[in-house]
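Q: One-letter residues, chain by chain:
There are 2 protein chains.
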Amino acid sequence: MKIHIVKIGGHLINDGKYLHNSLKAFCKLQGYKILIHGGGIKADFISKKMGVFPKMIQGRRITDKETLDIVVMSYAGIINKNIVAMLQSYRCNALGLCGADGNCIKSYLRKMTNIDYGYVGDINVKSINTYLIKFLLENNIIPVLCSITHNGTGSLLNTNADTIAAYIAMSLAKEEDCEVELHFCFEKKGVLRNVLDSESYFKIINENLFQKMKQNHTITNGMIPKLENAFFALKNGVTKVSIGLPNHLNDVDNKTRLCL
Amino acid sequence: MKIHIVKIGGHLINDGKYLHNSLKAFCKLQGYKILIHGGGIKADFISKKMGVFPKMIQGRRITDKETLDIVVMSYAGIINKNIVAMLQSYRCNALGLCGADGNCIKSYLRKMTNIDYGYVGDINVKSINTYLIKFLLENNIIPVLCSITHNGTGSLLNTNADTIAAYIAMSLAKEEDCEVELHFCFEKKGVLRNVLDSESYFKIINENLFQKMKQNHTITNGMIPKLENAFFALKNGVTKVSIGLPNHLNDVDNKTRLCL
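Protein chains in written order, with the working numbering: chain A, 1 to 260; chain B, 261 to 520.
It is worth saying that the hints were derived from the structure and are not from the lab.
Any given hint could be a false lead.
Stated by the list, open to error - Examples of chain A residues lying across from chain B (beta carbon under 7 Å, computed):
#1 Val72
#2 Asp101
#3 His150
#4 Thr153
What the hints assert, rightly or not - Pulled from the structure, derived: some chain A residues nowhere near chain B, Cβ distances all over 12 Å:
#5 Met1
#6 Ala25
#7 Val120
#8 Lys126
#9 Asn247
#10 Asp253
Note that beta-carbon positions come from the ideal geometry of N, C-alpha and C, so glycine has one too.
Build out the structure end to end from the sequences listed, making use of the hints.
A: And the structure:
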């Protein structure tokens, strides 16, 4: 089975029109597909409304107990369920999941180093319940996953959505009967050479170029872990990986395509 | 297939120890089972924290847009996902759902009369996707449903959890191969004769007694719609209906049992 894994994040989640267009494009994809979403901007908004100021270090959220509750409410609650309701209205049989649902994604608390990230869950290739995901797909149910996982002993944990998308893609790619394509979608056409020029996206980035880009700071912050996830997926059996807008998901020519 | 439907509400959701005991008792139930939960007290707490004061008329929440967002975050988010994570830690293969997930429960906006309830969804016997619920049960997945539904055109709606429990029970009871028991659980032993005496619960309430209790105000407010839902379920094929503590769910002798 060929499976498209689409991750939407950034402003695509927060802006009603962007979200509508993203979900419409997702619906148009033929065959087996999975949607994964973040929602950091919305979570920040809710957090501030509740008087909790978001704490970030190197682009990663510090998740204390109060923040965990807020990201669970945001990602697994309002964002996930509104996306599912919208997809259902487009006749796409979506079903929302966090990692605890059906033991879909089991994570382990990130070990404390010099930074205490709090309730953050890291995952590995054994984390993904591919049996459940394939079972849902084969029964015409489209999984919509948020970036909340669980540790198996009763705690929910906050996990990066790009990482979840990459690991789900790799886990499914390891299955004998699966061919997997992974699309990281956001509000830009691709990875930009010049952040001020929206047309300046790379058509292709190979690993060599990626290393150079890191060295000369062409890319920074959030884009580095996204690309690291992307290359990690490519090295582990995922057929195609793209970064760009959520339209024409079957055609990776109008986006940044990754290759080894 | 025999199916137990357990609804937990009131302080069972809000108090950690109560919730733990409720979920342990649910896990002990043998065979097919479904959990349905409310969470009004928690939603009130979150609502106030966000500076939105809950509005109630005759024990029913007025759900404006802001309140809808809060109940979705509370019911489908933090409450549902924490319950699922706890059940998973007890080796109970729970999967959380709101009505939009897999088009599980479709509702319609309540018609405006003299009171505008806002984004409140009413349901009927056709609302329940019994195909999906039975499919999950038959595949060893235990549905955990919150009281958020959808209208099929992209909007989430707030629906009473007792009503959802009753309609799911009735819809499944109508299936040829199903026998259904329904348990409404809260922090009391049953329907009390005297609200100040926790031991004064009725062993049995029949419809005749219920009508008298309404007339002489032995019961008021929230208990009246709960009992109406209970009798409605009994009249529509549900084998047993009980109201009481969430322990010994197989034995309705230590609770208030309803009969026609």
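Q: Determine for every hint whether it applies to the structure shown.
A: We went through each hint and held it up to the structure:
Interface restraint check for Val72/A: the shortest CB-CB distance to chain B comes to about 5 Å, inside 7 Å, so the restraint holds. Checking Asp101/A against chain B by beta carbon gives a least distance of about 5 Å; that is within 7 Å, so the hint holds. Evaluation of the His150/A hint against chain B yields a held restraint, the C-beta minimum of about 4 Å falling below 7 Å. Hint status for Thr153/A relative to chain B: holds, with the closest Cβ pair at about 5 Å, below 7 Å.
The beta carbon of Met1/A sits about 19 Å from the closest Cβ of chain B, which is more than 12 Å, so the claim that it is off the interface holds. The beta carbon of Ala25/A is kept farther than 12 Å from every beta carbon of chain B, the shortest such distance being approximately 16 Å. No beta-carbon of chain B is positioned within 12 Å of the beta-carbon of Val120/A; the least distance is around 15 Å. With a least CB separation of 16 Å from chain B, Lys126/A remains clear of the 12 Å interface cut-off, as annotated.
With a cut of 12 Å on Cβ distances, Asn247/A stays outside the contact zone with chain B, its closest approach being about 20 Å. With a least beta-carbon separation of about 32 Å from chain B, Asp253/A lies farther than 12 Å from that chain, consistent with its non-interface assignment.
Going down the numbered hints, you'll see the structure goes against none, and every one checks out.
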